[in-house]
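**Student:** Please assemble the complex out of the two chains, which come individually in their own frames, going by the hints.
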Amino acid sequence: MRAVKLWLPLGFFMIFTLFPFYWMAITSLKSNQELYNRKIMPLIVYHPTLKHYVDLLTETNFLTWTYNTLLVAVVSTAISLVFGVMLAYPLARMRFAGAALISFAVAATYLVPQPLLFIPLADIINHLHLGDTLTSVILTYPTLLIPFCAWLLMGYFRTVPLELEDAARIDGATRLQTMFRIFLPLCVPGFISAGIFAFTLAQNEFLYALIFLTQTDVRTVPVGAIAELVKGDVFYWGQLMAAALLGSIPVAIIYSFFVEHYVAGLTSGSVKG
Amino acid sequence: MSVSAHSQSIASPAIRLRPAPSLRRWTEREAVFSWLMVTPPVLFLCALVGYPFFYGIWLSLEDRPVARAGQFVGLANFTADWHDPVFWQVAQNTFVYTFAATILKMVGGLALALVMNQDFRFKNLTRAVMLLPFIVPTVLSTISWMWILDPAFSPINWFLIHLNIANPGPSWLGNAKLAMGSLIVVNTWRGLPFYAITLLAGLQTISPELYEAATIDGASALARFRYVTLPLLKPVIFIVTMFSVIFTFADFQLVYVLTRGGPANATHLFATYAFDVAMGGGQLGMGASIALAMLPPLALIIIALAVYMRPARS
Numbered sequence: 000m001r002a003v004k005l006w007l008p009l010g011f012f013m014i015f016t017l018f019p020f021y022w023m024a025i026t027s028l029k030s031n032q033e034l035y036n037r038k039i040m041p042l043i044v045y046h047p048t049l050k051h052y053v054d055l056l057t058e059t060n061f062l063t064w065t066y067n068t069l070l071v072a073v074v075s076t077a078i079s080l081v082f083g084v085m086l087a088y089p090l091a092r093m094r095f096a097g098a099a100l101i102s103f104a105v106a107a108t109y110l111v112p113q114p115l116l117f118i119p120l121a122d123i124i125n126h127l128h129l130g131d132t133l134t135s136v137i138l139t140y141p142t143l144l145i146p147f148c149a150w151l152l153m154g155y156f157r158t159v160p161l162e163l164e165d166a167a168r169i170d171g172a173t174r175l176q177t178m179f180r181i182f183l184p185l186c187v188p189g190f191i192s193a194g195i196f197a198f199t200l201a202q203n204e205f206l207y208a209l210i211f212l213t214q215t216d217v218r219t220v221p222v223g224a225i226a227e228l229v230k231g232d233v234f235y236w237g238q239l240m241a242a243a244l245l246g247s248i249p250v251a252i253i254y255s256f257f258v259e260h261y262v263a264g265l266t267s268g269s270v271k272g
Numbered sequence: 000m001s002v003s004a005h006s007q008s009i010a011s012p013a014i015r016l017r018p019a020p021s022l023r024r025w026t027e028r029e030a031v032f033s034w035l036m037v038t039p040p041v042l043f044l045c046a047l048v049g050y051p052f053f054y055g056i057w058l059s060l061e062d063r064p065v066a067r068a069g070q071f072v073g074l075a076n077f078t079a080d081w082h083d084p085v086f087w088q089v090a091q092n093t094f095v096y097t098f099a100a101t102i103l104k105m106v107g108g109l110a111l112a113l114v115m116n117q118d119f120r121f122k123n124l125t126r127a128v129m130l131l132p133f134i135v136p137t138v139l140s141t142i143s144w145m146w147i148l149d150p151a152f153s154p155i156n157w158f159l160i161h162l163n164i165a166n167p168g169p170s171w172l173g174n175a176k177l178a179m180g181s182l183i184v185v186n187t188w189r190g191l192p193f194y195a196i197t198l199l200a201g202l203q204t205i206s207p208e209l210y211e212a213a214t215i216d217g218a219s220a221l222a223r224f225r226y227v228t229l230p231l232l233k234p235v236i237f238i239v240t241m242f243s244v245i246f247t248f249a250d251f252q253l254v255y256v257l258t259r260g261g262p263a264n265a266t267h268l269f270a271t272y273a274f275d276v277a278m279g280g281g282q283l284g285m286g287a288s289i290a291l292a293m294l295p296p297l298a299l300i301i302i303a304l305a306v307y308m309r310p311a312r313s
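Protein sequence lines, in the order shown, are assigned to chains A and B. Positions 0 to 272 (numbering that gives the first Met the number 0) are the ones given, in order, by the first sequence. Positions 0 to 313 (numbering that gives the first Met the number 0) are the ones given, in order, by the second sequence.
Among the clues, some could well be false.
As the list claims (entries may be wrong) - Calculated cross-link-like contacts (lysine-lysine; reagent style DSSO-like; alpha-carbon spacing at most 30 Å):
#1 K50/A / K230/A
#2 K176/B / K4/A
#3 K233/B / K122/B
#4 K176/B / K38/A
#5 K50/A / K38/A
#6 K230/A / K233/B
#7 K233/B / K4/A
Hints listed in this document are in silico derivations from the structure and should not be mistaken for laboratory results.
Looking at chain B on its own, in the form it has when it is part of the complex (with noise of 0.2 Å):
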């Protein structure tokens, strides 16, 4: 009551305000305000996200040079890809970087937080440095990989060498097998530090108690692995894979970095051959063509994977 009173009281003698306090009652309406407010951002998110994407659909409909118009071709680009041998090898490429780099990053992580989920010293200090790879802008640190992978100054074949275990060294990046090998090392060195910490996040909010009982009930270490933790951590570990799976998947950096997709394309992957098609050849419709060709069986692992690690209903 006294609230309406004190407001009546400051607006009423205010005359020339009258059509104010009606527009402020609408503005006041929580699904006015709250589409005042996401409007700007929504708006910006579909005219450089939205427009976009579907303008990189049209242009994947077309023959469109750099410098010139495009004319309109139909599915031309999709079934030159389909007839493109390289295009075939670079989705082979790629899901094999996806799987191999997720599988060690999952696994890697998993043990990582493991370990760190015991009490010791310095923990923070160390959680804080574990994740540095991964803070890192990518491009800088894989200069580093570059060098610690040279054919000629790796410090890993100097040991080779210096060991007699052989001589030349292994050329890590000149190799197809090695390269694709070196390149998911990498990758998995840069996104391990997000699983661990993720899980080990996951891991601290596991009650206790749901050890010992298992405990008082005769588990052992791995049977409290196996029933407790594993289903527990379950849907923290999906929805971190998913995210790793997308990125892994859609993967640029590294790749431009260390192989530029060599050699001889064994290690292209949808974004790199779809970035040398496009920006490279100056064929941009054959080039959105590839990173759309992305899209499907992105979709596909997503769906497995939710199908396969789906948290149980809570």
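Okay, chain A solo, but in the shape it has when bound (with noise of 0.2 Å):
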């Protein structure tokens, strides 16, 4: 019984969700030879090798768009998370006229798809001659993770008890210092919350980094892998599967450290909102 209502059904979800991954990583490590032979079973490597991975770290730039994908993730994340305070924390504490304006408009940039953007940002972007820096996706990117943030550390902002920042204000603090003294250090959850959800939501971003830098030494991982691994019709399956799966390794990490956090986040917008 137990068999039928768990482990079954957890099985075929496993094996849904893991098999790409699988199929990436033995790919990955299968020679040319193996790779094309329609012959032989596809699903185990015969004679793994290391080729595409050698190939790949010396002759592409994969090396440069790593360095990219992680630059720009790391300062995108800590500008998101800067502007993500200074909205949160008078939006979760303080009361002012136009709090609830400014909070509207925080949850509908959160809305906006990206797509409806792109085009007047990429002619933007060609104005002020920033196409092909790294500036370009950096200036961006938090237009996409701040409102995210924002909303992630309210809620979070709103569980920490307020005593201990009336303590500090009565002793005589000025607001600045009860909050940087006082409440931001109590937050470090909410910030790793927030922080891994806006590194992962960087690390994932295709469209911007797609129009806006087309020379190979400012690509991130994803836009060099499909732009430079795929040629015309020629594609480099061993190079592509093993960038592939270097590219999630950083997530990958990551993740794994703050899973909870990263759970946390998750549901926290939608289970108590």
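**Tutor:** This is the structure we're talking about:
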């Protein structure tokens, strides 16, 4: 009974979930001979080789792309956290005219789909002569991340009791001191949740990077892989898979360390809201 | 009392600081402090979201080739869209894609959440692994799907051929109907964990006492699901679905990587078609009008969802 209600469906979902990653891993380890041999069973590797990894690291700009991706993700996450706090703290803690309007605007910004903005943004980036610079994506990614961070942090801030701040205020601390010395140190878990989320979103972004970054030395991993490991009709499958696997690793590592924070962030918006 | 005496004793000897206390008192006011804090991010978002949004509306009213000045043409771009058969195909594709993928994710996600709401070993590990499709960069995992769905080397086709079911195997991305189906499956694969984990969190907030009470009243498992679980989960389902619908409707990455809108526009969505027209064809004005055309149907879907699934007044 338990097998039918639990293990069978769970097993099915797990295989469905994990198969593409398994496929990615084994394909990246196959030699070209094996890859394009339609006779042999494709689900196992007969003679594993690291050739595709070596080629990827030596013959393409993969390391540059990785560096770019990480740099952009870290900087835009940092910007988004700072701006996110600047929005979330007053919205969660203070009463002021216009607060409702601002929180509505932040929610609306979060719901504006990216494809609605990429054409005008491409033109704006062109006018500012920011095409093919990492600045273009460092500036635009926070527009996707700030509303998210602000929303998540607002939820977290509301769970922190008011007493400590009141005590600090009574002791004569300014609002800024209260915020920095008393309040924000209590909110580290919230920052971790928002930070990981923003980081994974930034790593995942594709459309802006595809449009703004057309030179190989400024590309991010997803754009580099799609644009340079696929040449017309020729797909460098082994290298593509190696790139996909290596490109997923930074996110996967950070995620594995902070799974609980990630899940908390993921579910806070919808369950509490 | 002691507080004010304390602060005076610090402030009074410093005569040159006299303007400071009033400035400080001003910035200490709740409204002033709040506005000083929120202004920088609000300006940033206005510049990079608000301005592009309105600039996009302006562009959609222009004939605007990529490297030249635009010319105001009124609603000409929109009337051109109206008479463009591809545009209507794109609209239909987007609806089919969004509807099918959302239903699959909702039903699958709910099923998975119910399965995972039981006690079992390695539950947290399972949950962590389950979320992988959602956190791994979409383009990178889609590369794996591209090879799974390859016409010549698909592992699915290998089994179909070797089990004598079909030879040659189907062209998963080359046939119009199959290509749309494949995209829907990949989208479901990526989005299902989000539903499952969020709905699971929602399930865990439902008090076990409610189920006990229902059981005592003789409710069957199905009745408990229908009359206890579903109504209490409705607000969560509503929010998750709304998010998911918006991002599925505006999806770009999957289609761009797997089919580029082909074969013969059968899988073009609003986003990829707007991209093709604006970036490929260099018609920024037309592209902007296609992207904007996404807004009214999206608004309608959200309103419909809100009316249909609105959480009961609480």
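**Student:** Each of the hints needs a verdict: does it hold here or not?
**Tutor:** To see whether the hints hold, each was checked on the structure:
Between K50/A and K230/A the CA atoms are separated by roughly 19 Å; this keeps the pair inside 30 Å, and the hint holds. Straight-line distance between C-alpha atoms of K176/B and K4/A comes to about 34 Å, which puts the hinted pair past the 30 Å bound. At roughly 24 Å between alpha-carbon atoms, K233/B and K122/B fall within 30 Å of each other, so this suggested pair holds. For the proposed pair K176/B and K38/A, the alpha carbon gap of about 28 Å is at most 30 Å, so the pair holds.
Between K50/A and K38/A the CA atoms are separated by roughly 22 Å; this keeps the pair inside 30 Å, and the hint holds. With a C-alpha separation of about 47 Å, the suggested pairing of K230/A with K233/B is violated against the 30 Å cut-off. For the suggested pair K233/B and K4/A, the alpha carbons sit about 23 Å apart, so the restraint of at most 30 Å is met.
The structure fails hints 2, 6 (numbered hints given earlier, in ascending order).
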